[in-house]
Structures are given as C-alpha cells and as structure tokens.
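Trainee: Construct all of the structure, not just a fragment, from the sequences and the given hints.
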Amino acid sequence: MGEPRIVIVGAGPAGVRCAQTLLAAGLRPTLIDEGRRDGGQIYRRQPDGFTRPYAKLYGTEALRAQDLHETFTRLRAQIDYRPQTLAWNIWDKKLHIVRDGHASALDYDALILCPGATDRLIPVKGWQFAGTYSLGAAQIALKSQACSIGRRVVFMGTGPLLYLVASQYVQAGAKVAAVLDTSAAGARLRALPKLLARFDVLRKGSALVGALKRAGVQMYNGIEPVEIVGTPDEGVSAVCFRTASGKIEQIDCDAIGMGYHLRPETQLADLARCAFRFDTLTRQWLPQIDELGRSSVPGVYLAGDGVRVLGADGAENAGRLAAHAALIDLGRGAQAAVLDALKREQRRMDRFREGLAQAFEWPAQQAAKLPDETMVCRCEGITAGELRRVIHDEGAQEANRAKALSRVGMGRCQGRYCGHAAAEIIADAARVPLEQVGRLRGQAPVKPLAIATVEETE
Amino acid sequence: MKRAQADVLIVGGGFMGAATAFFLRRRGKSVILLERQLIGQQASGTNFGNVRRQGRLLAQLPLANRSREIWLRMPELIGHDAEFLMSGHLRVCYRSEQADMFETYAREAKHYNLDLEMLHGDALRKRFPFIGPEVLAGSYAPIDGHANPRLAAPAFGRAAAKLGAQIFENTDIVSVEKEGNEFRATSADGRTFHAPVLLITAGAWGSTLSEQFGEPVPIAVHGPQMAVTEPVPYSIAPAVGVSSPQIAEVVYFRQVARGNIVIGGCARGPAFLDARRAKVLPHSTLLQFRQAQRVAPALRRLNIIRVWSGVEGYMPDDRPIMGASGTTSGLFYAFGFCGHGFQLGPGVGDTMAELIDTGATSTPIEPFDIRRFAAFRPPAGSSQSAQQSVPAT
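Sequences listed follow chains A and B, in order.
Using our numbering, you'd call the opening residue of the first sequence number 3 and step up by one each time.
Using our numbering, you'd call the opening residue of the second sequence number 178 and step up by one each time.
Simulated from the structure, these hints should not be mistaken for laboratory data.
Keep in mind that the hints are not guaranteed to be accurate.
[Said to hold, decoys possible] Here's a subset of chain A near chain B, in silico, CB distances under 8 Å, partners left out:
| hint | residue |
| --- | --- |
| 1 | 107 |
| 2 | 108 |
| 3 | 396 |
| 4 | 447 |
| 5 | 452 |
[As the list claims (entries may be wrong)] Result set (SDA-like, lysine to any residue): computed pairs, CA atoms no more than 25 Å apart in a straight line:
| hint | chain 1 | residue 1 | chain 2 | residue 2 |
| --- | --- | --- | --- | --- |
| 6 | A | 95 | B | 460 |
| 7 | A | 95 | B | 451 |
| 8 | A | 449 | B | 470 |
| 9 | A | 449 | B | 435 |
| 10 | A | 96 | B | 435 |
| 11 | A | 449 | B | 480 |
| 12 | A | 449 | B | 540 |
| 13 | A | 95 | B | 452 |
| 14 | A | 449 | A | 58 |
| 15 | A | 96 | B | 453 |
| 16 | A | 449 | B | 206 |
| 17 | B | 206 | B | 540 |
| 18 | A | 96 | B | 454 |
Computed from a predicted model, the values in this text were never measured in an experiment.
Just so you know, even glycine gets a beta-carbon here, dropped at the ideal spot from N, CA and C.
Mentor: Right, dumping it as structure tokens:
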C-alpha cells in the first residue's frame with residue numbers, strides 16, 4: 003500500500019492551510035474546488051486580466067489574502083489540485099466528483115471537508131423581485147467583477163458581513179442608501195466581553211461602522227423588515243421596515259443585499275453521515291466535531307466556516323488543525339506544542355464566534371412570525387401561509403414531513419436559503435421547540451447535476 | 178401502562194395500512210393504526226408514483242382495476258386527489274421480442290378491461306415527439322397515469338383519523354402475539370394495543386412480524402433509485418417506462434404538473450431495516466442519465482436537483498403477501514408489494530377491509546396467499562430480523 007489518500011474539498015482559507023500542513027508532513031493531498039481559482043469566497047481572486055491591487059480588493063485583510071494566495075501558488079504544483087470540480091455525492095468511502103461534464107469517484111483514507119458558508123437568510127415579502135441579493139452575492143459581484151448590484155443599494159439583516167459589504171460598496175464608490183440591522187444596539191455591548199477575545203477584529207469592525215457614518219450612510223438598529231417594495235417587471239423600488247421605536251419607514255433603492263450572518267454548507271458532512279447536534283446559541287443544527295475537527299465518522303474531518311462560522315482567520319487555523327488530526331489518525335504524529343498552540347487559538351476564535359452570535363442575534367421571532375403572504379421557499383414558490391396550512395391541517399410537526407407535504411425546501415437550493423426560517427415557522431406554528439423540528443435531510447446532488455453528465459469508467 | 182383496544186389492530190402505517198384503516202372505518206369497525214415513524218414515510222412515500230395497470234401480472238389486474246376505481250373517486254372519498262393525473266402510461270422497448278410481448282400482453286389484458294394501443298416507430302414518435310430514435314415500439318394505456326406518493330398515504334391516514342381511526346405515529350412495535358382470542362402489540366416504550374383482529378402491513382418489515390406467528394417469508398429489502406429534475410414547461414403527459422430483460426435499461430420517468438420530471442429505475446439500491454434507510458447509489462443516478470436520454474434525448478438538457486430512496490420489500494416471485502394467515506385465526510397480511518404497490522394501495526385497503534369484515538373478498542387474491550412460502554425457513558443463525566447496519570461512508 004502506498005501513501006494514504008487524502009482528499010480536501012474547498013480551496014478557501016481552511017482548505018489551503020490544510021493542504022499546506024499535509025504537504026509539510028510529506029503527504030500529497032488532492033484538493034477539489036468548485037471555484038475557478040483558489041481563495042474561496044472571502045479571498046476570492048479576480049478574473050484574469052483584472053488588475054485591482056490587493057489593498058483595494060481585500061482592504062484591511064490584504065496581507066492575509068496575499069499570503070494565502072502566495073502559499074497556494076507555491077503548493078499548487080505539488081498537490082493534485084482540481085478546480086471547477088463539484089463534489090456531488092459520497093458513498094462507501096468514495097467522493098463522487100464531476101468536472102467538465104465527466105463524473106468520477108475518488109477513494110480516500112481521509113476526507114477533509116472545507117466547503118465554507120453561505121448567507122443565512124430570512125424571507126421577507128417581496129424578496130423574489132429582481133434586485134434582491136444575498137450579502138455574499140453582493141460581495142462577489144464587487145470582488146469578482148467590480149460591479150455594484152444597483153445604483154442605490156440598501157443592505158439589510160445582521161452580522162459583521164452587513165457592515166463589511168456596505169463599507170466595501172462605499173469605498174468602491176457605490177451609493178449605499180442605508181444599512182438596516184435587525185439586532186438591537188445594546189446587544190453588541192452585552193457581547194463585548196466575548197468579542198474582546200479578538201480585540202484587533204473588534205477594532206476593525208468599529209472602524210467600518212465609523213467610516214459608514216462619516217460617508218453619510220443612514221444606519222438603523224433594531225429594525226424589523228416589512229417588505230421589499232417592487233414589481234415582477236420592474237424589480238425592487240424600495241424597502242419598507244419598522245424602526246426600533248415602531249415607526250414604519252421606507253427607503254428608495256433599486257437593489258438590496260440581505261443576510262443574517264452565515265450558515266455552514268453542511269450537505270457533504272450530511273452525505274458522509276456525520277452526526278449533527280443542535281446549536282442553541284445560533285438556533286441551527288451543526289455537524290459534531292471534536293477539538294481538532296474530527297467528525298463522528300472515522301476518516302472524515304470538518305474545518306472552516308463549513309462547520310463553525312469563525313471567519314477567515316479561524317478557518318485557516320481550523321484547516322491546520324484538521325490536517326493534524328488526519329495525520330495523527332494516519333499514524334504520522336504531530337508536535338504537541340504546535341497542536342496546543344493551534345487549539346488555544348481555536349478556543350479564542352470560538353469565544354469570539356459566540357460573541358458575534360450574541361451581538362448579531364438571529365431574529366428567530368421575525369422569522370417565526372412572517373406574514374402568511376410572504377413567499378418562504380423561492381425555488382418552489384411556497385408561502386408562509388401554505389407552510390402553516392400543512393402544520394395546522396395536515397399535522398406536520400417536523401421539517402422533512404413539512405417539506406414532503408408543502409414542498410418547502412424541495413427545490414434546487416434544497417432549503418439552503420429558506421430552511422432555517424421555515425424551521426422557525428414550523429416550530430412556532432406547531433408549538434414545539436425548534437430542536438424538535440429537526441433538520442432537512444441532505445440529499446445528493448449537492449448542487450444540480452446535468453443529465454448530460456457522463457460516467458467515467460475505470 | 179396504557180391499554181388501547183379496538184376491533185382491528187393494524188401494524189404498519191404505509192399506504193396499505195392507512196387505506197385499510199380508512200375502509201374499515203367506513204364499514205364501522207374501530208381501528209388502531211400503529212406506525213413506527215410517520216404515515217407513508219418509507220416505500221409508500223418514496224416510490225416512483227406510477228398509477229399503472231399495464232405490465233402487471235394478469236392475476237393482479239382485478240385488484241388493480243378495483244384500485245383504479247378508487248383512485249378516480251379519491252377527491253370525494255378522502256378529500257384529496259394526491260395529484261393523480263390520468264395522463265396515460267407508455268411502455269416502450271428497443272427490441273422486437275419485447276414488442277411481441279407487448280402484443281401478447283395486450284391481447285390477454287383485454288379480458289381484464291385493459292385497452293392497450295400498440296404504436297410502432299415513427300407513428301409512436303409522431304404521437305409522442307419526445308421519444309428518441311432508438312425506441313422500437315410502445316404500448317399505450319390511455320387511462321393509466323401517475324400521482325404523488327408523498328401525499329397519497331398521509332391523505333388516507335388523515336381521512337381515516339377523521340372517521341375515527343386511532344392513529345399512533347412514532348410508535349415502534351417490538352412484539353405482536355396472540356393470547357386467547359386477542360392480539361396484543363407492544364411498543365418499545367411499553368404501551369400495549371389490543372384487538373381480536375390483527376393486520377400486518379409493515380412493508381419490508383412484514384416478515385419480522387409474520388415470523389412471530391411462525392410464518393417467515395423470503396423477503397428481500399431494497400431501495401428504489403429516484404431522482405428529479407428542476408421544473409420545466411409541462412410537455413410529457415404519460416408516465417413512460419422501458420421494458421427490457423436487462424434491468425439496467427429499465428428506466429422510467431414522469432413529468433408532474435408543476436414541471437419537474439421524476440426519474441427512476443435501472444437498479445435497486447441497498448436498504449437497511451434497522452437503520453430504516455435506503456441509499457441511491459451514485460452509479461444508479463449516472464446510469465439513469467444515460468438510459469433516460471436513450472428514451473427521450475431532450476432530457477440531456479436538464480439537471481437533476483435531488484435523489485431519494487426508501488425501504489421496499491420484494492418477494493422472490495414478484496407477488497405481494499396478501500390475505501389471511503395460514504397459522505393464526507384473526508391474523509391478516511398485506512405487505513411485500515415488490516416496488517409496485519402504489520397503484521394498488523387504495524384497492525388493497527378496500528379489499529382487506531372487506532376480507533376482515535366479511536371473511537371473503539369479491540376480488541381474487543389467492544395468488545398472494547402467504548402459504549405459498551409455508552416451507553420457507555430463514556437460514557440458520559441469520560433470522561430475517563437480524564441486525565443490519567449501514568456501512569460507514
């Protein structure tokens with residue numbers, strides 16, 4: 003038997019640091035990535051021919067981005083790197099991938115999943131109109147293509163990304179009409195002890211808010227979204243919300259970026275049959291991991307925002323930790339001192355994560371009480387009222403049953419966009435704890451798979 | 178311990194159990210329906226959704242015909258149509274031997290009021306323009322169709338409950354036994370349920386219960402391999418299936434009114450009784466891609482967005498177990514429907530209710546009698562209910 007076969011999914015901060023650590027230990031991992039280039043979402047690289055400097059693209063994180071990219075450039079020739087490749091299924095210790103319309107399977111001894119996160123969303127009346135984006139999508143448009151999502155943009159939701167994307171838009175010269183945060187101003191103060199775990203990040207965050215204020219962007223806290231005003235033909239024309247003091251306000255805009263912090267992409271962990279546990283802090287089901295990133299399934303490791311949303315720095319650290327975990331399990335040992343330092347760092351990151359969750363609280367009640375006419379599932383066009391109907395009239399009390407009867411979460415996103423809000427609606431309508439609603443079972447393919455895909459025979 | 182009592186105890190809340198509960202209530206019998214998970218979650222909720230009669234064993238056609246009548250009346254009977262579309266069923270083939278079999282079947286099925294239309298080559302393509310050049314012939318059943326398995330059994334369950342059936346979901350029955358004239362079912366959490374009549378409609382788990390009455394049957398457990406595309410404009414009316422001696426060629430698909438195309442067939446996947454799970458093998462999905470394009474080349478332009486499976490029970494002779502027990506009076510069975518029970522569901526419910534109520538059926542079900550396996554003994558040391566575990570990924 004030759005070298006252990008190690009497959010990493012995701013070439014963002016976690017995946018790249020993981021590959022680097024494995025390579026330093028003398029192993030040559032395979033690195034699968036959906037992207038055209040390395041860097042993941044946070045350090046997404048611009049397309050060929052674009053020449054914006056690092057400082058402009060990544061702001062205060064320019065040095066970290068540059069270091070990650072340069073690290074990857076040095077690694078690239080020494081690992082089996084497969085960009086533009088989708089990992090669509092897992093079965094019997096094989097990762098099933100597809101690239102350029104050809105499907106094949108990779109055997110692995112260790113599988114390290116670093117798939118990152120996507121925006122955590124809450125539906126709002128009118129969010130199906132053209133001009134509604136997630137915060138992540140708004141950021142990608144800017145980072146990748148140097149495009150703004152509109153001429154006059156409102157950002158709404160909560161979480162650090164809300165302020166980061168807004169300030170990136172301001173810096174790029176886009177008109178940001180307002181930043182509407184659902185979390186109360188006092189929440190950040192209460193979270194301060196935990197947020198102090200990363201004073202540098204806290205300071206950068208405050209600077210962002212200050213810069214937005216100086217730029218004259220209207221800022222609201224403790225709001226409740228009411229409606230994205232628009233028409234199917236013309237798209238978004240305004241956003242309507244209730245202020246903390248209960249007043250209804252409307253701000254004109256032609257695009258809106260929304261997000262309520264992030265949610266891990268957990269489909270691959272689910273297909274690998276990793277155990278999940280309910281995270282009361284963020285009110286969602288997350289894969290179970292130990293201190294190093296081992297999942298409940300031997301040989302499967304989870305790192306980065308795809309398992310706990312710690313941000314890019316935390317992902318880099320988690321990627322290294324998961325690599326060490328795999329090395330230990332493969333009998334390659336690890337230096338105790340190195341490991342201890344990484345674990346210590348991870349605990350600090352996790353404390354900060356808790357602070358963020360507290361400061362930018364997931365507005366569970368706003369999701370639970372969405373008006374009946376709000377479209378919850380955009381893929382299938384199902385309203386909150388229809389979802390409540392299968393709970394009240396047809397007895398559904400659990401997420402998968404509600405999906406089976408109502409189609410919520412049955413479309414092409416498999417509930418990634420609406421699943422968390424739908425769960426809050428179900429729990430509220432069925433009068434059961436959110437935990438009891440369970441989570442939507444992940445089903446292959448992880449992303450839509452073309453019927454034209456050809457199976458490669460070995 | 179709580180004690181619950183009724184005229185009839187039904188163990189297994191799939192389509193068969195839920196439909197029988199409904200028809201028993203209409204006959205005035207009190208019913209307790211016990212389901213380990215939720216109504217219609219396994220084979221009943223995860224199958225392809227064919228409401229077809231053509232291609233069935235001739236001996237099964239009277240039952241299928243009885244069921245068809247109920248499918249048509251479902252809105253009035255249970256207040257739900259389960260998205261039944263009577264849009265036709267088309268069986269197609271690539272070889273002349275198969276086409277000859279279509280002709281023979283059509284002649285014989287005529288005696289059972291099944292009118293099949295034979296179509297060849299270009300005439301077939303003219304009628305159904307999505308059919309590809311490789312297809313040789315087709316047998317068209319205009320009044321068969323398809324429906325939504327996710328909705329059918331739960332709708333029967335709700336209708337039964339509305340008529341007064343007591344339904345216990347999330348109730349895992351660990352033992353069934355007869356004491357004197359009464360059956361007793363005991364759940365994992367210690368509740369007991371009592372009735373003078375017991376019906377076992379436990380699907381793939383049927384033999385683990387029939388075994389407790391000395392009637393094990395050689396049931397094999399598999400999972401259907403299903404996939405669905407994104408929605409596209411509605412243009413394929415009939416449910417379409419390939420007939421072939423090679424299982425890898427046997428793909429089938431149907432388009433729902435919303436536009437998604439459901440695809441199944443070509444293989445059976447692994448299923449695990451104890452874990453209550455079944456898996457779609459990645460190879461099955463990719464094989465279906467290739468085979469579906471042979472039948473309808475335009476499908477190559479679509480994506481699938483989801484795959485699924487469930488736990489199904491198959492008998493070696495491809496016939497279900499249905500009727501009275503051979504060992505125990507008051508005991509009845511309806512399970513092991515071999516992946517083709519969905520169309521039969523309402524008819525099975527009606528027939529079993531009639532059998533339990535009157536002691537006889539107006540529809541012949543002798544070919545499905547459990548006594549045909551009376552000589553069967555499970556292999557020593559590996560009882561049917563032996564632990565099965567899902568392999569690590």
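Trainee: So, for every hint listed, does it hold in this structure?
Mentor: Evaluated hints:
1. 107: 7 Å, holds
2. 108: 12 Å, violated
3. 396: 6 Å, holds
4. 447: Given a least distance of 7 Å, the restraint on residue 447 of chain A holds.
5. 452: 5 Å, holds
6. A:95 with B:460: Cα-Cα ~14 Å, so holds.
7. A:95 with B:451: Distance ~21 Å between residue 95 of chain A and residue 451 of chain B Cα, so the pair holds.
8. A:449 with B:470: 21 Å, holds
9. A:449 with B:435: 21 Å, holds
10. A:96 with B:435: Since the Cα atoms of residue 96 of chain A and residue 435 of chain B sit roughly 34 Å apart, the hinted pair is violated (cutoff 25 Å).
11. A:449 with B:480: Holds - the C-alpha atoms of residue 480 of chain B and residue 449 of chain A are around 9 Å apart, at most 25 Å.
12. A:449 with B:540: Distance of about 47 Å is beyond 25 Å: violated.
13. A:95 with B:452: At roughly 19 Å apart (the allowed maximum being 25 Å), residue 452 of chain B and residue 95 of chain A satisfy the hint.
14. A:449 with A:58: The given pair, whose Cα atoms are some 32 Å apart, is violated under the 25 Å limit.
15. A:96 with B:453: 22 Å, holds
16. A:449 with B:206: 49 Å, violated
17. B:206 with B:540: Satisfied, since the Cα-Cα distance of roughly 21 Å is no more than 25 Å.
18. A:96 with B:454: Roughly 19 Å between the alpha carbons, so the hint for residue 96 of chain A and residue 454 of chain B holds.
Of the numbered hints listed earlier, those contradicted by the structure are 2, 10, 12, 14, 16.
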